[in-house]
Every structure is written in structure tokens, then in C-alpha cells.
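Take these sequences, add in the hints, and give me the full structure.
Chains as they are written, first to last, in numbering that gives the first Met the number 0: chain G, 0 to 245; chain W, 0 to 244; chain X, 0 to 230.
Since the hints were made in silico from the structure, they are not lab data.
The reader is advised that the hints may include incorrect statements.
Stated by the list, open to error - Among chain W residues calculated to face chain G with C-beta under 10 Å, some are:
| hint | residue |
| --- | --- |
| 1 | Arg54 |
| 2 | Arg57 |
| 3 | Gly123 |
| 4 | Phe125 |
| 5 | Ala127 |
| 6 | Leu131 |
| 7 | Leu133 |
Stated by the list, open to error - Stretch-level coverage of chain W by chain X, calculated; a stretch enters the list once three of its residues show a Cβ under 8 Å from a Cβ in chain X:
| hint | region |
| --- | --- |
| 8 | 73 to 86 |
| 9 | 204 to 216 |
Said to hold, decoys possible - Not close to chain X: a few residues of chain W, all C-beta gaps over 12 Å, as computed:
| hint | residue |
| --- | --- |
| 10 | Tyr7 |
| 11 | Pro40 |
| 12 | Ala55 |
| 13 | Arg68 |
| 14 | Leu148 |
| 15 | Ser154 |
| 16 | Glu176 |
| 17 | Ala177 |
| 18 | Ser178 |
| 19 | Ala181 |
| 20 | Gly200 |
Ideal Cβ positions, reconstructed from N, Cα and C, are used throughout, including at glycine.
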Amino acid sequence: MIQFDNVNKWYGDYQALADVSETIGKGEVVVVCGPSGSGKSTLIRTINRLEAIDSGTITVEGEDIHRRGLDVNRLRSRIGFVFQQFNLFPHLSVLQNCTLAPVALGGARPAQAHQKAMELLDRVGLAHKAGAWPSELSGGQQQRVAIARALAMEPPMMLFDEPTSALDPEMVGEVLLVMQGLVRDGMTLVVVTHEMGFARDVAHRVLFMDQGRVLERAEPHEFFNHPQHPRAQQFLADIRTPFARA
Amino acid sequence: MIDLIHTYWLYFLVGQYPNGPLGGLALTVLLAALALVLALPIGLLLGLARVSPFRAVRWPVTALVHVVRGIPLLMVIFWAYFFLPGVTGHQTGQFSTMLMALVVFDGVYLAEIVRAGIQGVPRGQFEAARALGLGYPRAMQRVILPQALRSMLPSLVNQFISTIKETSLGYIIGLTEASFIAAQINTQVFTRATQVYLLLGLTYFVLCFGLSRIAHLLERRLARRAPVRAARPSAAVPLANESNA
Amino acid sequence: MPRFDLALMLHGQYHDWLVTGLFVSLKLAAVVFVFALPLAIAIALLRLAPLRVLRALGMVYVEGIRNVPLLAHLLFWYFGAPELLPDAVKERLYAGNFEFIAGAIALTLYTAAYMAEDIRSGIRAIPVVQFEAGRALGFGFLATMRRIVLPQALRITVPPLISQTLNLWKDTSIATVIGVAEMMYQAARVESASFRSAEAFAFATAAYLTVSLAITGLAAWYHRRFPVRTI
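Next comes the structure, spelled out in C-alpha cells:
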């Protein structure tokens, strides 16, 4: 469904992505992890062209997303994206946040969009907050609305950019639960996260990145118990015992 | 001073109306309001051009803004006064001249207010709108501008106050606005210039200070309904938390 | 419309008139700046004084001046204020170069009100602990300001002050209303003498733009050379 072929990206002299070649299949759940600055966020942001690339190709649903004449807006409406900072629209109600795109882009009738949005809000457990303003919600609630908003266009795949990193610890669980529900429904997911529990229990595959390169790719069981690459071993060791040093 | 007010209050307020064109304080306020209303769409367009991703749009407008802001309003008024009749083909009255000059001048200043408003909306809002699939125009229209315009309201009221003060320059081309009427009153009374001009100042003060209080109130109300930021910035969460015990 | 005659702007009598006007504008701006800045510092300090009465005085000054257009100020100082003086003095004033003086007074008071607010913001940007440290050492209010707070505040205040100077430069044009022979006055004079409005106004426009650009350039240079340093 998503394919990277020798993708490179530079910020001036700094190489953010180096020779990345990966394939993510339909229905796969892939977690991307790694230290800060490893390029994980940059990687998923290139999929819906929030970031540009300097060489290589990215193919989504069989199409080269950088080819001339591609309708980038249509591409983006087929990719659900959830931000670390939620980015709900504060001047619209929770419900309006979810109906904006279907009505403005999908040509859905307001009544249809309304009903679909309520279903999605119910699915994330926030139907009772449909008329509320984003500023009245907690961080965890806002992020769940953000997920519902992204689902409103019925995309075949969802990208999550550190969805729980900006949340207070007690709210992380409610968001991960919603994401787990999406996995059960067979959605294709690419998730950048530090939540190793989620990676271990839910993901089909883990990609470990450092300095713009994918250094290891394995099933969660393999990755967490038998990491191959020394950098991955170091990373896992650091996470488990932050104060110990060999 | 009271008898001065008693005799001339109506003349100061509306000029020679209805026996002549509208003048005085009423003209001042009308001119300022009209100028601002007309300058707003221009300011919006110029402001959008200032943040446009296309250089061909951005550069000429930036140049225009810098030129207009580098010359006095009076210069713009003189250009309008001496060249509008040539351009439009017929005599332009003082009101129209003043209106045109104010619209151009304030339009440019409003463009800067609009630009600041648009750039004040967090970048994440724009990304979220684009990530949903909304194109640039639609993202601007439905997400960015509504938020930008709301934050601009106090600045807009301040601009209205400035425009009211700018109308006083109509005096120089003979427009019968408040300052001109005051001068007329002074020539009639002749021996009480101090009182006449003190009263003129007082009138402007009451009008402008009152409006500035409204702007202040607006600013406070807006601060209360500001958008919520995320709880805390990104931080790596440890795998298990027992290690810190 | 007659052809644009560049020569008219570059030499001859009209050129001389315009250049004289330019110098009067520059002189007016310079004189006002020299007097307005210390006055502005005084008003800013007044607004931050420990005594409530002094603070109120400062606020009355700033609000009273800023909410009245410059034109009304000019009319007051030229026509209104002399009325209070005895006739002999009044006649001598009007016989001399009173326009310039009245214009300078009005502009100084007006500009100082705006500069005072910028200076006040600059002072308030300095953490209050700096002020407290000065007082704790035993310095009085004014001494603390002079030795500790103002020197730090100045660097922050310079860019908005330069912006006010730009406004001052443009505001000198309004002095034409009371007959000060500055550039707009001369441009209008050339126009009525020769009907050459385009050339006269082009000269004035170019002159205003050049000085404005110079002032803006100064601001950019200062920002690069003296960036704000905080702890």
C-alpha cells in the first residue's frame, strides 16, 4: 500500500532520511521508533507530502505521489493523519471539526456527514461531547476527536505522529485503546511512538531508525527480545534502565 | 466655555446640514467608518498577498506596502487631490478625495494587521487542514482566516481610532470635518481661540478614548477564549516506571 | 497633461524652494527628537513611579495627547495658546518665526507621548528582580532606574523608538497647516506657482522615501549590531 524506494531528504547539510526503502502492506500495523532526531516523524510526514523529498520515490496505492499532475488534496483525503499536538480547529465545535472535510471535499450532504460524524464520535467514546468546543476538552479527549476527524473521510490508511507524546500519562491509555480498536477493524496503520507496550502488543512490525536510516526491521517479539543492530540494542537498553551505564 | 458650546454645538456636530453638506463631527465619524469598511477588503487582499507562496504576488505587494508606509498620509492626499480629477475625468469633491486617500493608506496598514493575524495562527492548524485534504484556498477560508480575524479585532478597533484622527487632515484640503468647523467657529468668535481649540481636543479625546476602552475590553474577552495548547511538549516515556523507584 | 520635466526638480528656483523645504522638515524633526526623547523618559518614569498621583499624571498626559489628532494639537498651539498671553507678546510672536516654534512644541509633546509608551514597555520587559536588586543595594527609585534598569531597557527600546522616529519624520508634514515652510508647504507652493504638480510631488515623495529608508536601514543595522542579550 505504501512503498519507499531509496528515499533521501536533506535539510541543508543535514541528512534527515538516508536510502529508505520499505514496503507497508494493506492491513499492516507498523510502529516506527528510535531516538530523537532519527527521522521517524519526517518519514511519515513524507507519505502525505507534508514534507518533500530530494530523491527516490514514494508510492501510495500504486501511484507515485510526486508525479506531475497528481491531485495532492485527493491523496491527503485518502490518508488519515493524527498530529502530536492534536491541532483541532478551535473555532469549530467537536462535531463541526469532524464534518468540515466530508462536506467541503467529499460533497457529502450535511445530514449524512452529521450522522457519520456522530457514529465516529461514538466509536471513540465522545458522542456526548459533540456540541462542545475543543478548548473545553482534555488532551486525551482532543486527541480522540482528532482521530474521529481523520476517520471521517474513510481513509484506507492512518498515520500517527507521536499521538500520545503530548498527553499527561493518565490519558495515554484512552487514546491507545482507540488505536487498538482501529487495528481490530483491519485498518492499515503507521505509528511513530515511544509507547513500547503498544508496539509489543499490537504492532505487526517494528522499524527502528537512527540518523535517517532504517537500521532494523522485525516482528515485535524478535525486536524486543533479540535486537540485531548494536544501535537498537543500545536504544532498548537505554529505555529499560535509563540510569545504568555499562 | 459653556455659552460657546450652547451656541455652536449643532454646527460643530453636523456642519451646515441640512442647509448644506454634512460636516463636523458627524462627517468625521462617517468618513472614518466608510474608509475603514472599504479599506478592509483591500487590506485582506493585500495581507493575503503578503503571505502568498508565489513570489510574483508577494514582492510587488511588499514593495507597495513599504512605499506607502514611507510617505506621510498628507502626501497620499495631495496625490489624490491633484491627480484624481485627471484620472477620473471629472472634478472629485473633497470628501471623495479624502475617502480614496484614506482607503489606500489604511488598506496598506490593514494589510500588515491581516498579515500579523494570519501568521499568528499556529502552523499546526494549517497542516491539519491540508492533511485532511483541504486545498490552500479552502484551508485559508475555513480554518486560518476565521481564527486570524478574531484575533485581529482589537487591532481593527485601534485602526478605527487612528482613522478618526486621520480625517482631521481633511482640513488642509478644505473638507468641512470637525477641525475645519472648529476653525470656522474660531473666525466667527475670534477672541476665544483657546477655548475653541480646547473643546476640539476634548471632543476627539472623548471619542477616541472611549473607543480605546472598547478595544481593551475586546482584548480581554479574546484572551479568555484562546485555543488550548497541548498539555506538555514531547518527552520520551520510559518503558517501565519502576526503575525510578 | 504636460510632459514630466525632470530638470525642474534638479535645478532652478522651484528646485531651491523644494530643497529649502526639505531642510526645514529635517530641522524640525531633529529639534523635536532632541526634546521629545528626554521628555518621553520622564513621562515613562512618571508612569512607573511608586506614588499613585505621579502615575495618574503620567497616564493623563499620555492618554490626553494620544487621543487627539496632531492637527488639532498644532491648531491649539498656534492659534489657541497665544490667546492667553498679553497682546504685546502675542504680536511679537506672530511677527517672528512662531509657526516653527508652535509646530515644534506640538510635535514634541505628541511624539513624547508615543515614545514614553515604548520606553515604558521596554522598562517593564526587564525582570522586576533587577529593580529589586538595585533597591536592596540601597539605591533610590531614580538611581536604580538610571544605573540598572534604563541601560538594559534601552537596547530593547531602540527598535520601537526608531519606528517612532519614522512616524515623527512623516508627521512633520502636518506642520504645513500652521504655515511652517517645510517640504509639503513648498511642494504646494511650487504647484500653485507653476502648475507642475507631478514634478513637485515626485520630489517630495522621493525625499520622504529616502529619509524613511535611511531610518529603516538604521533600525536593521542596529538590530544586527546590537542584538538583545538576556540572561
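Structure-based check of each hint:
{"no.": "1", "hint": "Arg54", "verdict": "18 Å, violated"}
{"no.": "2", "hint": "Arg57", "verdict": "20 Å, violated"}
{"no.": "3", "hint": "Gly123", "verdict": "4 Å, holds"}
{"no.": "4", "hint": "Phe125", "verdict": "9 Å, holds"}
{"no.": "5", "hint": "Ala127", "verdict": "4 Å, holds"}
{"no.": "6", "hint": "Leu131", "verdict": "4 Å, holds"}
{"no.": "7", "hint": "Leu133", "verdict": "7 Å, holds"}
{"no.": "8", "hint": "73 to 86", "verdict": "holds (count 7)"}
{"no.": "9", "hint": "204 to 216", "verdict": "holds (count 5)"}
{"no.": "10", "hint": "Tyr7", "verdict": "16 Å, holds"}
{"no.": "11", "hint": "Pro40", "verdict": "25 Å, holds"}
{"no.": "12", "hint": "Ala55", "verdict": "23 Å, holds"}
{"no.": "13", "hint": "Arg68", "verdict": "8 Å, violated"}
{"no.": "14", "hint": "Leu148", "verdict": "25 Å, holds"}
{"no.": "15", "hint": "Ser154", "verdict": "16 Å, holds"}
{"no.": "16", "hint": "Glu176", "verdict": "10 Å, violated"}
{"no.": "17", "hint": "Ala177", "verdict": "8 Å, violated"}
{"no.": "18", "hint": "Ser178", "verdict": "6 Å, violated"}
{"no.": "19", "hint": "Ala181", "verdict": "7 Å, violated"}
{"no.": "20", "hint": "Gly200", "verdict": "5 Å, violated"}
In terms of the numbered hints stated before, the structure departs from hints 1, 2, 13, 16, 17, 18, 19, 20, listed from lowest to highest.
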